[in-house]
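Undergrad: All chains, please: the whole structure from these sequences, using the hints.
Letter 190 of the sequence shown, counting from 1, is numbered 190 in the UniProt record's numbering, and no numbers are missing.
If you're looking for bench data, these hints aren't it; they were derived computationally from the structure. Idealized CB from N, CA, C, for every residue including glycine. Among the hints, erroneous ones may be present.
Quick list of in silico lysine-lysine cross-link-like pairs, PhoX-like style, CA-CA up to 20 Å [unchecked claim]:
(1) K615 <-> K590
(2) K278 <-> K323
(3) K323 <-> K296
(4) K278 <-> K296
(5) K590 <-> K519
(6) K593 <-> K660
(7) K663 <-> K615
(8) K593 <-> K519
If you anchor each label on the Cβ, the simulated ranges turn out as follows [said to hold, decoys possible]:
(9) W651 <-> L14: 57 to 67 Å
(10) R628 <-> N356: 29 to 39 Å
(11) T664 <-> P127: 40 to 50 Å
(12) W651 <-> A17: 33 to 43 Å
(13) C202 <-> K296: 17 to 27 Å
(14) P109 <-> K296: 29 to 39 Å
(15) R172 <-> L325: 49 to 59 Å
(16) V125 <-> T231: 47 to 57 Å
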Amino acid sequence: MAPASDTFFSIPELVDALAPYLAPQDLPALLRTNRNNYAAFTPYFWADVTINTSSAIVRLMDSPEACRALYRNIGFIRHLRTKADFLLYYIEGLYAYMDSRPDVILPHPNYLRRPASTWSHSYSVFPFPPITQLVRLDVSTATAFDKGSSQGVTTTTLDLGLSMCWFISLNRGLTHLTLRDEPLNGNHLGRVFARTVSRLSCLRHLRFSCGLLRDMAVPTFQMILLTCPPTLELIEGQNYVGIFNEEDSLDPYNSMELDEEGPLEVRQEPLYRVTRLKPPWNMRGYERYQLVRMMKICPNVEAWDVPLTRGERLFGNVAGDVKDLWPRLQELTCKVIHFDCHGHGVLPILEDIEMNQLRVWAMGDYSDSWPTRTLDAIQRHSETLREIRFPWTHSFKSSTIQGIMTSCRALEHLEIGAVDTFRIKLWLEDMDPEVPWVSTRLRFLKIAVDWNDKRDKPRPRPKPTPTVHMSINVRNERMSAILASRMRLGKPASAKPTVEVDVFEGNRRRWARLQWFYKQLGTLTELEVLDLRATTGFAEEEETKVLRPYAEFTFPRLLCLSGDDATMAEMMPEGGRQQGKVGYLRELSKLRKLRELRGSFRIDRPAVKAFMGTKEVEFMHTHWPELRVAEFLPEGYESLEDGRIPFHMQWLIEQRPFTKLSKTGPDTPQYFPRI
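TA: Listed below in C-alpha cells is the structure:
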C-alpha cells in the first residue's frame with residue numbers, strides 16, 4: 001500500500017476543493033513537499049514505540065498493513081516499551097525472516113532452543129527483520145491479556161526469560177535497560193542474564209524486578225554487580241531477595257557455575273561510574289558484610305536507597321562504613337517499611353557523615369519519637385538539604401517542622417504526610433514570631449497545620465447517657481457502625497450539619513499567629529505546589545469531639561481580601577485594626593509561579609462564602625497566572641446544575657477552562673521518582 005504522502009493529494013474530493021486556489025504546477029509541488037516531509041519525519045515518528053496493551057497487540061497482529069508498516073520502519077526504532085506477548089510474537093516472526101533469508105545470520109546462543117509457536121490463538125506469523133539499534137528497552141514478562149483469556153502467550157517462564165535475553169543481546173548499543181517481572185530466581189537464567197548484561201558495553205541504567213511473588217537469590221544480585229559493564233551509572237533492583245537463601249559466596253567458580261556458554265567474565269575493577277544504587281529488598285535484613293561488599297563494588301555512590309538490615313543496632317556500624325566508603329553520598333531514600341524501628345536506624349547515617357553533605361532525605365515509613373534528635377540530624381545538613389520527603393509517616397513533631405522551616409535555607413521540597421494528619425501537624429502556637437522562615441526556595445510544600453491552642457488539660461467528659469456516642473473518621477456510615485459495634489460504643493452519632501462560626505472571635509492572640517503564618521507563606525515566592533491541610537478538627541460547639549477531614553475546613557480569611565468590616569476590625573490585633581485588614585489573600589500576591597493549590601481551600605464552607613467574592617477570584621486570576629489545580633469545589637463539579645456553582649467561580653471557569661477546580665487523583669503518597 002502506498003504511503004499517505006503519495007495518496008493524500010490524489011483524493012478526488014480534495015483536488016476538487018483545492019482546484020480554485022491552485023495553479024497547475026502547485027499540485028506536483030505539494031506532492032513533492034509532502035514526500036520530502038514524509039522521508040524526513042518518519043524516523044522520528046518511529047523512534048519511540050510503545051506496544052504494551054492487549055488491544056494494541058491484537059490490532060497489530062490482525063492488520064497485515066500494520067505489520068508491513070512495522071517491517072518497513074523497524075530500523076528506525078530506538079526506544080521500545082512492550083510486554084512478553086508482542087516480544088514472543090516478534091521473535092517468531094524473526095525466526096520466519098531468518099528462514100526466508102539464508103543470507104541473514106544472527107548469533108544464536110546454545111542455551112536457547114527454537115521454541116514452537118507460543119500463541120494459543122491462530123495468528124499468521126509475519127516475518128520481521130531483526131531489531132538491533134535499540135538505545136532504550138523497557139520490557140515486562142507479564143502478559144497484556146487478562147488471566148484466563150484464550151489469547152496471549154503459552155510458554156514457560158524459563159523459555160520466556162531466555163528468549164528475552166537473546167533479544168537483549170542483539171542490541172549491544174543499549175544504554176537504558178528495564179526488565180520487569182523477570183524470574184531471575186533460577187541459577188541458569190540468572191547466569192544467562194548476567195552474561196547478557198556484561199556484553200552491553202554502552203549500558204548506563206539497569207533496572208530489574210522479579211515480580212511480587214518471586215525472590216532473587218542474594219548471589220544472583222552480586223553476580224550481576226560483578227559482571228555489569230564499567231559504563232554503568234545506575235542499578236536498581238525492585239524486588240525481594242534472600243528470604244530462603246543461606247550464606248552467600250562471591251567465589252566466581254562456585255556461585256557462577258559453568259553452562260553451555262562457558263564461564264562468566266568477572267569484572268575485576270569496581271564500578272566507578274555508579275552514582276545511584278538501590279539494592280533489592282531483603283525481608284530478613286542484609287548483614288553488614290553484604291552491604292560493605294556493595295559499597296566497595298560501587299565506591300562513588302551519591303544516591304542510596306537504604307535496605308533493611310538485621311537489627312537496628314547494625315545501622316550504627318553501617319553508618320561508619322558509609323562515612324568511610326561513600327564520601328560522595330548526597331541522597332538517602334528508604335521505601336521499604338522498617339516494621340518495629342520505623343526508620344530510626346537511618347538517623348545514625350545523617351549523624352555520622354560529614355556536615356552539610358546530604359541533599360535529599362526521603363522515607364516511606366518514619367516516626368519522630370525523640371524530643372530533638374530528628375531535627376538535630378536535619379540541621380547538620382541545613383545548608384545543603386534540597387528535599388525532605390516523608391509522604392507516609394507515623395508521627396512528626398511540630399517543633400521539627402518549625403525547625404526545618406527556620407534553618408534549611410536551600411530546601412526546595414518539603415512533604416510531611418500521613419493517614420492521620422493529627423500526628424504530624426504544625427501547631428501555630430509553636431511558632432516564634434521573632435524567627436522567620438528561611439526556606440524561601442521552596443517549590444513544593446505539603447504540611448498539616450493546627451491553629452488551636454494546645455490542650456494541656458483533659459477534655460471535658462460528655463454528659464452521661466445510656467449510650468456513648470462517638471463519630472469515627474471513616475468514609476462511610478456502614479464502616480463507622482461496624483467499628484463502633486466492635487468497640488462497644490453503640491450506634492455512632494449522626495453528624496449534624498453545624499453552622500461554622502469564626503473560632504477566632506475575640507482571640508487576638510490566634511489572629512496574630514495566623515497573620516504571621518500567612519506572611520511567611522507569602523515569602524515563598526518560588527512555590528509551585530502548595531498543599532496545606534487544616535487539622536483543627538474539633539467543633540467547639542459539640543459535646544462529643546468530632547474529628548473531621550481536612551476538606552471540611554478552610555484557613556480563616558486566607559482567601560479573602562481586605563474590606564470594611566467594623567466587627568472584624570474589633571476582633572483583630574492592634575496592628576491589624578489600624579491597617580483595617582480583614583483578609584490575607586494579598587499576602588500571597590507574589591506566588592506568581594503557583595501551579596497547584598491543594599488542601600483545605602474549599603470555598604463552599606460557610607466561613608468562606610460570607611467573605612469571598614468576585615474581587616478575590618479576579619485577584620487570583622491576575623496574580624496566579626500559572627494556576628492549573630485548585631481544590632475549591634467538590635469533585636464532579638462539572639456536572640452540577642447552573643446556579644449551584646457560585647457566580648464568581650463560574651467566571652473563573654470561563655476565564656481559565658484549563659484549570660481544575662477540585663481534587664485530582666487519589667490521596668496517596670507521592671513516592672520518590674528519582675530512584
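Undergrad: Assess, step by step, whether the Cα of K663 is no farther than 20 Å from the Cα of K615, and give holds or violated.
TA: With a Cα-Cα distance of about 23 Å, the restraint between K663 and K615 is violated, given a limit of 20 Å.
Undergrad: Are K278 and K296 close enough, with their CA atoms no more than 20 Å apart?
TA: Within the cut-off at roughly 15 Å; holds.
Undergrad: Do the Cβ positions of V125 and T231 conform to the proposed distance bound of 47 to 57 Å?
TA: 36 Å, violated
Undergrad: Regarding P109 and K296, is the given constraint of 29 to 39 Å on their beta-carbon distance met?
TA: 32 Å, holds
Undergrad: For K615 and K590, compute the direct alpha-carbon distance and say whether it is at most 20 Å.
TA: OK: K615 and K590 at ~17 Å, within 20 Å.
Undergrad: For the pair supplied as a hint, K590 and K519, confirm whether the alpha-carbon distance does not exceed 20 Å.
TA: 11 Å, holds
Undergrad: With 57 to 67 Å as the target window, see if W651 and L14 comply at their CB atoms.
TA: 43 Å, violated
Undergrad: Assess, step by step, whether the Cα of K593 is no farther than 20 Å from the Cα of K519, and give holds or violated.
TA: This hinted pair holds, its Cα atoms lying about 17 Å apart.
Undergrad: Using the Cβ atoms, figure out if C202 sits within 17 to 27 Å of K296.
TA: 25 Å, holds
Undergrad: Hint says 49 to 59 Å; check whether the CB-CB distance for R172 and L325 agrees.
TA: Given a distance of about 32 Å, which is not inside 49 to 59 Å, the answer is violated.
Undergrad: Look at the Cβ atoms of R628 and N356 and judge whether their distance stays inside 29 to 39 Å.
TA: 35 Å, holds
Undergrad: Below or equal to 20 Å on CA atoms is what counts here, so check K278 against K323.
TA: Roughly 18 Å separates the two Cα atoms, so the pair holds.
Hints 7, 9, 15 and 16 from the list above are not met by this structure, while the remaining hints are.
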